[in-house]
Amino acid sequence: RRGEMAKSTQLIDNEVFRAYATYTGIVLLKMMLMSLITAYFRITRKAFVNPEDTATFGKGESAKKFLRTDPDVERVRRGHLNDLENIVPFVGIGLLYALSGPELSTALLHFRIFVGARIFHTFAYLIPLPQPGRGLSWAVGYSVTFSMAYRVLKTAWLL
Amino acid sequence: RRGEMAKSTQLIDNEVFRAYATYTGIVLLKMMLMSLITAYFRITRKAFVNPEDTATFGKGESAKKFLRTDPDVERVRRGHLNDLENIVPFVGIGLLYALSGPELSTALLHFRIFVGARIFHTFAYLIPLPQPGRGLSWAVGYSVTFSMAYRVLKTAWLL
Amino acid sequence: RRGEMAKSTQLIDNEVFRAYATYTGIVLLKMMLMSLITAYFRITRKAFVNPEDTATFGKGESAKKFLRTDPDVERVRRGHLNDLENIVPFVGIGLLYALSGPELSTALLHFRIFVGARIFHTFAYLIPLPQPGRGLSWAVGYSVTFSMAYRVLKTAWLL
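Protein chains in written order, with the UniProt record's numbering: chain A, 1 to 159; chain B, 1 to 159; chain C, 1 to 159.
Simulated from the structure, these hints should not be mistaken for lab results. There could be a bad hint or two in this list.
Repeated chains share a single entry, so a pair holds when one copy, or any two copies, can fit it.
In silico EDC-like pairs for lysine to aspartate or glutamate, Cα to Cα no more than 16 Å straight-line [unchecked claim]:
#1 Lys64 / Asp13
#2 Lys30 / Asp72
#3 Lys65 / Glu52
#4 Lys154 / Glu15
#5 Lys154 / Asp13
#6 Lys30 / Asp53
#7 Lys46 / Glu74
#8 Lys65 / Asp13
#9 Lys64 / Asp53
#10 Lys46 / Glu15
#11 Lys46 / Glu103
#12 Lys46 / Asp72
#13 Lys154 / Asp70
#14 Lys65 / Asp53
Hey, can you work out the whole structure from these sequences and the hints?
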């Protein structure tokens, strides 16, 4: 039985791929956390968007006033969307990069900087920190993905 | 020729990976369906956002009145964005999970519950069903992805 | 050392996978470009959404007037979100498709048409071109992803 499995898990036996799996798992969990933070602010700020979500506050006009936007909720949502825009390319290009046979140390450098930059970006967005804190952390993550894409295209190029 | 291919398709010969491919294909098609539903509501409700999309209704003021938001359109769009926020982590973490060598029965359980929960979530959002229907289906899908991430990190951990 | 690596890079040695990596890299870089275009329009149109982003323009009322929406900024953002909605399914389904052992020529046809359609879609959105230019390019990309999903489900089907 174990022998059968071995064939299918050979990718996970590769160290670069294991590093990719670890950092991708962490950064996707971080992105998922944004949903919980949004829910937290929606409930504490009483700011909802769907009428059926306010039914617990009563009916009619009394519930309607909770159908509103709140600056804190919108801020978390912008952070979440920025995560989608930046973490999706990292996950896609990072997979191809991990399969392009980079040195483990170089790969770790890319993954660590990206994930560190995105965690910093979340704090910078939610606290919020004065600029250019958020802008720089965004640019660092962006550059890491760009660097991995360069290696992927150089290695795989077949148009 | 077939021999050559075999090497490249060995992943697809693995049963867990085939299950992953099936459920990922289904849930991504479901997500793509949201675009068609948005288009359907935009056209039937005559609610557009780009001026060039209303040119067919004439020019000037007569077309301008179709540049508006519609509650049904916005509802579908929120469902679509919620799909992106939740299906992207499933696709990424699910791939790593499928490569981490889980039992087929355990993997199928994860994939089936996630895809079932997301299909229910879409109906709950669009009908809409009273809460906590939509909230619970969201939480079920979220928990499945979290469970897969736990196994990925436990198996692959290399920081 | 090289021998060790070889095992992990066998996917990247497969021609269909190399084509997938090339086109996915290109189309994800194109999507990332949308962030730069958004930043460009935010700065030139002086239209920001976060108060901390306008601190460079002074304090109080003088800075507050730059917290506004701008049609050009919103247009780029809609294009970016449309990219997410369409490129995410392509990347996910395309990977499974590349691993399902298609003919190289058929795979290249799918990848080329999708990436060409999405690049056209971006120009159609940003210029903007009169409809149905943008709508058709969206439909072409959508159909390519659908065609790949059909093959993935036919090959991998395990429910």
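Hint numbers the structure violates, sorted upward? Structure breaks hints 1, 2, 6, 8, 10, 11 and 13.
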